[in-house]
Amino acid sequence: MKQMFTSRDLAVTQAVVAALFFLMIPVFYLLGVSSNKLAGFLHGIGSTLTVILACRVLHLLYPLLRGQKGAAKKLALALWLTNGLVLLTIIFGNWLYIGYRAPDAVQQWLIYNVPVAHTVVMEFKEFVSLFPLPLGVAAGVLLHRFRDNLQESGVASVVALLVTLFWICLLIGLVAGYGLSKLKMV
Amino acid sequence: MGTQRKTGEVVAAMIAVWLGMVAVAASHIWSVATPYPANAYLLKIGSWMPNYGGIGPYAGKETLGLVVWLGSWLILFFLLRKRDLVLKTWVYAFLAGFVLVMIALWPPVYHAIFGWHPNVAG
Numbered sequence: 000m001k002q003m004f005t006s007r008d009l010a011v012t013q014a015v016v017a018a019l020f021f022l023m024i025p026v027f028y029l030l031g032v033s034s035n036k037l038a039g040f041l042h043g044i045g046s047t048l049t050v051i052l053a054c055r056v057l058h059l060l061y062p063l064l065r066g067q068k069g070a071a072k073k074l075a076l077a078l079w080l081t082n083g084l085v086l087l088t089i090i091f092g093n094w095l096y097i098g099y100r101a102p103d104a105v106q107q108w109l110i111y112n113v114p115v116a117h118t119v120v121m122e123f124k125e126f127v128s129l130f131p132l133p134l135g136v137a138a139g140v141l142l143h144r145f146r147d148n149l150q151e152s153g154v155a156s157v158v159a160l161l162v163t164l165f166w167i168c169l170l171i172g173l174v175a176g177y178g179l180s181k182l183k184m185v
Numbered sequence: 000m001g002t003q004r005k006t007g008e009v010v011a012a013m014i015a016v017w018l019g020m021v022a023v024a025a026s027h028i029w030s031v032a033t034p035y036p037a038n039a040y041l042l043k044i045g046s047w048m049p050n051y052g053g054i055g056p057y058a059g060k061e062t063l064g065l066v067v068w069l070g071s072w073l074i075l076f077f078l079l080r081k082r083d084l085v086l087k088t089w090v091y092a093f094l095a096g097f098v099l100v101m102i103a104l105w106p107p108v109y110h111a112i113f114g115w116h117p118n119v120a121g
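Chains as they are written, first to last, in numbering that gives the first Met the number 0: chain H, 0 to 185; chain G, 0 to 121.
Treat each hint with caution, since some may be false.
[Unchecked claim] As a list, the in silico BS3-like pairs of lysine-lysine whose alpha-carbon atoms are at most 27 Å apart:
#: 1; chain 1: G; residue 1: K43; chain 2: H; residue 2: K124
#: 2; chain 1: G; residue 1: K87; chain 2: H; residue 2: K68
#: 3; chain 1: H; residue 1: K73; chain 2: G; residue 2: K43
#: 4; chain 1: H; residue 1: K183; chain 2: H; residue 2: K36
#: 5; chain 1: G; residue 1: K43; chain 2: H; residue 2: K72
#: 6; chain 1: H; residue 1: K181; chain 2: H; residue 2: K124
#: 7; chain 1: H; residue 1: K73; chain 2: G; residue 2: K87
#: 8; chain 1: G; residue 1: K5; chain 2: G; residue 2: K81
#: 9; chain 1: H; residue 1: K124; chain 2: H; residue 2: K183
#: 10; chain 1: G; residue 1: K5; chain 2: G; residue 2: K87
#: 11; chain 1: G; residue 1: K43; chain 2: H; residue 2: K68
#: 12; chain 1: G; residue 1: K5; chain 2: H; residue 2: K68
#: 13; chain 1: G; residue 1: K87; chain 2: H; residue 2: K72
#: 14; chain 1: H; residue 1: K1; chain 2: H; residue 2: K181
#: 15; chain 1: H; residue 1: K183; chain 2: H; residue 2: K72
[What the hints assert, rightly or not] Partial chain G-side listing against chain H, Cβ under 7 Å, derived:
#: 16; residue: R4
#: 17; residue: I14
#: 18; residue: V16
#: 19; residue: M20
#: 20; residue: N50
#: 21; residue: G53
#: 22; residue: I54
#: 23; residue: V66
#: 24; residue: W68
[As the list claims (entries may be wrong)] Covered by chain G, according to a simulated footprint, are these stretches of chain H (three or more residues, beta-carbon under 8 Å):
#: 25; stretch: 90-100
#: 26; stretch: 116-130
#: 27; stretch: 138-144
#: 28; stretch: 147-161
These are computed hints drawn from the structure, not numbers from a lab. Where a beta carbon is used, it is the ideal one built from N, C-alpha and C, also for glycine.
In isolation and in its complexed conformation, chain G is listed as follows (with noise of 0.2 Å):
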């Protein structure tokens, strides 16, 4: 029944969805920081889909906010959900995370860290 559950799932979800976020983002800038070590990696555990090579490290990129997500909803969906959380604080906790990968994920902001150097292998 539905009647029955507890906010903990609501907050499993955006936590999920954010650390999926996180995980895009951070391998990105993984990859523009220290290219060769990080898109070789990228490119090994993307190699499951069909043309990864021509996909290249994006498809490590992508390979790994799904699995973050995915394992992280289920991991969390079972700790949190006997849990009755405050909706709210965590709505707005969820909405600045959002932003702040939003911004990490903005060129600009990690090129000015990192440098312009193109980051060719994508």
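With the rest of the complex left out, here is chain H (with noise of 0.2 Å):
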């Protein structure tokens, strides 16, 4: 008997479901009891679609490597989709960044009790966020000046590299934002 389902439509499967439960988790900011629930939510919704986008532009890195015709294409498109969130995600973060600092918020609690998530984590997370803007932007604009000798020029691997930083960068910031929401909601 001949398959009823290939293994696309698995994965597609698997990728929508994932990404559709995926995206649900900020969906619980809404139902906290914080003052900052938009900034929070759109944060949240922001940098887990980033994410989301982010992996689809890694896996678009592997037909640009194995040299296909229009693969450049479709990882500019995605890429900048992405940098866009990116850019989103960073504005609303410095929008609850303001309600994380202001007094007696969740800056002065976790300082207070559990130092080691905002010395550490949130010192970290919050430089360590911004990087994907620049890395990203600069694999757009080299896709797009290099379009027609990706391979020959090397530039491919260039972005390949700059992508995958990009995505190592945008999963710190996630992981440590949905702990350190975790421990006190902004």
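Assemble the dimeric complex from its two separately framed chains, guided by the hints.
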């Protein structure tokens, strides 16, 4: 009997369901008692969506490195969308940071109760989360400028490196952010 | 035409990203080492942002990173765009530089030097 489902059907189902449920996590913010619900929700949903898209960007590197036709175009589109989301999420993060730093708010609570959460996790995360913006924009510009000879010039490898570092920094930001919000919601 | 482009452009983009990262890391370490002059200055240069008072010196650190990244990219682009550089060397140098910045930004490293007083100003 012919197979009823292809491996592609399963992969697409898994990706869609995983993305959907993953995106539900920041929705819990709306159930909380925070006075910064909107900023927290937008920062959470922005960072989650950014990481999901960044995973897609990383996967689109494979056909680029194999030299497949049209791979650069697909990668560029996903990359610029992710870059836009990175910028938006940084802006929402700045907005949420105002609530984090406010007197008697989360920063002071963490320093008093769980100092390492602020002095190590937050102090590292708030800077590393900025790095995907220059890394992603540089990769996008190089993809465009060298679109005619990405393979021969070696630029495809540079783009692969930039995108991989971009993805690593995004994951550090997401995991640290979720971790901190489990300790104390802004 | 893309075929005529030199690898100097690629190196310019990588160095600019790294310099932007260094600017962010250096400004933060400066504010930990000497909070009072540093934070006042960082707050001042971050004052173009809406609600910069709430964001604090972090606004200045972001601003410095942004200005150094984009400014150095522009300068390096014109300096290097006609040069063909060995990409492999620069890629590994960039990767090493990236790791160095990440280590320098890891709080236990700089707090071991400057002390563990909480940087309450952000």
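A quick look at each hint next to the structure:
Our distance criterion of 27 Å between C-alpha atoms is met by K43(G) and K124(H), whose separation comes to about 23 Å. Pair hint K87(G) plus K68(H) holds up; C-alpha atoms about 24 Å apart against a cutoff of 27 Å. With a C-alpha separation of about 42 Å, the suggested pairing of K73(H) with K43(G) is violated against the 27 Å cut-off. With a C-alpha separation of about 13 Å, the suggested pair K183(H) and K36(H) falls inside the 27 Å cut-off, and the hint holds.
Among the hinted pairs, K43(G) with K72(H) is inconsistent with the structure: their alpha-carbon atoms are about 42 Å apart, more than 27 Å. In summary, the hint linking K181(H) to K124(H) is supported, as the alpha carbons are separated by about 15 Å, within the 27 Å threshold. The suggested pairing of K73(H) with K87(G) holds, with an alpha-carbon distance near 26 Å, which does not exceed 27 Å. Restraint check: the Cα-Cα separation between K5(G) and K81(G) comes to about 6 Å, which is no more than 27 Å; the hinted pair holds.
Under the criterion of a C-alpha separation no larger than 27 Å, the hint pairing K124(H) with K183(H) is consistent with the structure, at around 16 Å. The suggested pairing of K5(G) with K87(G) holds, with an alpha-carbon distance near 14 Å, which does not exceed 27 Å. Taking the CA atoms of K43(G) and K68(H), the gap is near 49 Å; set against the 27 Å cutoff, the hint is violated. Taken as a hint, the K5(G) and K68(H) pair is honoured in the structure, with Cα atoms around 23 Å apart against an allowance of 27 Å.
Taking the CA atoms of K87(G) and K72(H), the gap is about 24 Å. The hint holds against a cut of 27 Å. A threshold of 27 Å between alpha carbons decides the hint, and for K1(H) with K181(H) the separation of about 48 Å lies outside it, so the pair is violated. Annotation: proposed proximity of K183(H) to K72(H) is violated, straight-line Cα distance about 42 Å (limit 27 Å). The beta carbon of R4(G) is positioned within 7 Å of a beta carbon in chain H (closest approach about 6 Å), and the interface hint is therefore held.
Against a cut-off of 7 Å between C-beta atoms, the interface hint on I14(G) is violated, since the closest Cβ of chain H lies about 10 Å away. Interface hint at V16(G): satisfied, since its Cβ lies 4 Å from the closest Cβ of chain H, which is below the 7 Å cut-off. The closest approach between the C-beta of M20(G) and any C-beta of chain H is roughly 6 Å, which is under the 7 Å cut-off, so the hint is satisfied. Look at N50(G): its Cβ gets to within about 6 Å of chain H, closer than 7 Å, so that hint holds up.
At about 3 Å, the closest approach between the beta carbon of G53(G) and any beta carbon in chain H falls short of 7 Å, and the interface hint on this residue holds. Annotation: interface hint on I54(G) holds; nearest CB of chain H at approximately 6 Å, less than 7 Å. Taken as an interface hint, V66(G) does not check out: its beta carbon lies about 12 Å from the nearest beta carbon of chain H, beyond 7 Å. The restraint placing W68(G) at the interface with chain H holds, with a minimum CB-CB distance near 5 Å, inside the 7 Å limit.
Coverage of the stretch 90-100 of chain H by chain G holds in this model, with 5 residues showing a Cβ closer than 8 Å to a Cβ of that chain against a need of three. Restraint check on the stretch 116-130 of chain H versus chain G: 10 residues with Cβ-Cβ distances below 8 Å, three needed, restraint holds. Chain G is given as covering the stretch 138-144 of chain H, and this holds because 3 residues of the stretch bring a CB closer than 8 Å to a CB of that chain, at least three being needed. As drawn, the stretch 147-161 of chain H meets chain G at 9 residues by the rule of a beta-carbon pair under 8 Å; at three or more, the given contact holds.
Checked against the numbered hints given earlier, this structure breaks hints 3, 5, 11, 14, 15, 17 and 23; the rest are met.
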